[in-house]
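Colleague: Chains as they are written, first to last, in the working numbering: chain H, 2 to 296; chain D, 673 to 1015.
These are computed hints drawn from the structure, not numbers from a lab. One thing to keep in mind: the hints can contain errors.
Unchecked claim - Estimated spans, in silico, between C-beta atoms of each pair:
1) Ala273/H x Asp875/D: 51 to 59 Å
2) Gly808/D x Arg286/H: 29 to 37 Å
3) Ser129/H x Gln767/D: 25 to 33 Å
4) Ala69/H x Gly808/D: 39 to 47 Å
5) His711/D x Asp18/H: 53 to 61 Å
6) His711/D x Tyr151/H: 46 to 54 Å
7) Ala273/H x His896/D: 51 to 59 Å
Claimed, not checked - Not close to chain D: a few residues of chain H, all C-beta gaps over 10 Å, as computed:
8) Trp3
9) Ala33
10) Leu38
11) Glu39
12) Pro44
13) Met65
14) Gly66
15) Leu74
16) Ser78
17) Trp79
18) Val237
19) Leu267
If you're wondering where the values come from, they're calculated on a predicted model, not measured in any experiment. Just so you know, even glycine gets a beta-carbon here, dropped at the ideal spot from N, CA and C.
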Amino acid sequence: MWDWYEFPAIGRTDLRDFKKAGDQAFLEFSRAYGESLENFFRPLLNFLVWFEKLLINSPWPVVMGIIALLVWLGSRSWQLVVGSLASLALIGYMGMWENTMYTLALVSVATLVCIIIGIPFGILMSKSDRIQAIVTPVLDFMQTVPAFVYLIPIILLLGLGKIPGLIAVCIYAIPPVVRLTNLGIRLVDKDVLEAADAFGASPRQKLWSVQMPLALPNIFAGVNQTIMMALAMVVVAALIGVRGLGMEVLKAVNNQYITLGFMNGLAIMAIAIVFDRVSQKFGKRLQKHSEVIHG
Amino acid sequence: MASQGIEIKDLYKIFGPHGEKYVEAVKNGMSKAELNEKHGHVLGLKDINISMPAGKIQVVMGLSGSGKSTLIRHINRLIDPTTGSVQYEDVDVCQMSDAELLNFRRHKTAMVFQKFALLPHRTVIQNTVYGLEIQGIDKAEAKKRAQRWIERVGLDGFEDHYPNQLSGGMQQRVGLARALTNDADILLMDEAFSALDPLIRTDMQSVLLDIQEELKKTIVFITHDLDEALRLGDRIAILRDGEVIQQGTGQEIVLHPADAYISDFVQEVNRGRVIAVETIMDKTPLQGDIKIEVKPDDRLETAAQAMSSQEENRANVRDNSGNLVGSLQLKDTISAMVTAVRH
Ligand SMILES: Nc1ncnc2c1ncn2[C@@H]1O[C@H](COP(=O)(O)OP(=O)(O)OP(=O)(O)O)[C@@H](O)[C@H]1O
Ligand SMILES: [Mg+2]
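Using the sequences provided together with the hints, build the complete structure.
Modeller: In structure tokens, the structure reads:
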């Protein structure tokens, strides 16, 4: 009799063998390539460490001054400058300065990596429907698969530490830049593109004189989302040993320290809000002349 | 300036994945509607043969969907033909390699668009230098040349404005300045003035005629407006459903419409502005004391004005080399202006 209550799964031994084979294959792969991968990422590690040291070893007034300047350049808003400085001061006063610097370094470097890799990918995607069809499901995968699942192979390959943490953050945070670069370029007004063609612009000239500048507000919206997602990942990154505010949150979870958890959580939120407001204001400024008005 | 005209020969364009398969059928008389219904392809252009004169304004006229934009885009190959050729300086544009085509577009053609198609993130001056920038011309030099045309189209003082800070008429002046700065022999204008208010439109037509007087470019001007066609066109081709149904000078078309469709079109035209004196003049000059003299290519309106302002009812016609070639009566002039002339 056919059994309608138990799903016809493959046998227990078969399943065990299947999993074993998969793990075995990956282990062999990681034994063979783990070290060269580590070497490959060494420059990135050095850069991240250098940046962390720079933030932590500089006198705090200098760091605050530079942040204030960046906020001003990005937003041209005094309220935002004052608001950011006040939150930073509070964070420092509550003893979270060093961890905040670690987190800032991680998020900045992760965002930079996402931009450097993501924008060219977005451009490629916009140029070919086939590449778009291949890359889109990959991006969906990166955004929906629970981070813990890809943490396992990353840890197996690279162990615990800053680089695996950075990679995990980037995998989660890169899709928006790629998607919005692609979208931004595809949405560029066809009439304007035709004009560029009519004047004999080569594909490269078109990209830099028309498509990228007109896609910039969208690309920037992507960068903004990427930053937010990177910040959201700092607790997960702490799981594989990345220092910073995320690590403190994790400590608080493990030991049920309510106040510690909230303090660090709020610090992450404050950084997120500053990043978000500044980049939105900057994006608005980029957009100022971009709307096409006919007749 | 421009030395050669543009020769369009046996041009067919069928939109769709397998356009070339249906050329034969179209040649054998399949209609646009039938092609669309049976095979899902759109007939864009059919059997186009136009000789566009060098240094003159060729107007292409037709209603919406008649294929005007498709035709003008074949000249700089923004659209590839299904079959046929577009010859300029003895080279077939349709056979050019990618590199040759870029070169051709950069140096031989410039285009003005119905919806202006300005670069919204660039100021007026930055828009105007665009063609030169693409050619790789030095920035300072490009700016100098662009400045001249900005002034010529009446935009000085607006160099640093963005397109969305300008009115439609001013935006199209930028479009015109951008095209003229390219200093190409061929100027392609796809309904360049159609989006403008009537007054601004007439104004822009004058700007164009003024500039053409000086530059003598080979201009292809698309319009759906007969008055505009007659005012600007040295020659006019009329399109319907992708086919040329008549071509000639404005006068030829107004005087001898090829079919009822064109008759309908030309009925409302101000004939006095289209018909030339030589068309209706008497070939024998008048003797005696004739106060008024007009030129053979003056329009009837001008001649009638000249006579009536002097309270004369006749005039002699003297050509540009000073010979008397004919004469004109006010009564005939007026009647030719108000009724269809039969020859
Ligand atoms: N890319 C295309 N694919 C399919 N059909 C097209 C394409 N481009 C134009 N057509 C069709 O070709 C015909 C001519 O279009 P075209 O744009 O040249 O007309 P037009 O005379 O410029 O009209 P308008 O005055 O509206 O600008 C129309 O029937 C149009 O639907
Ligand atoms: Mg059109």
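Colleague: Out of the numbered hints, which ones does the structure contradict?
Modeller: The structure conflicts with no hint, since it agrees with every one listed earlier.
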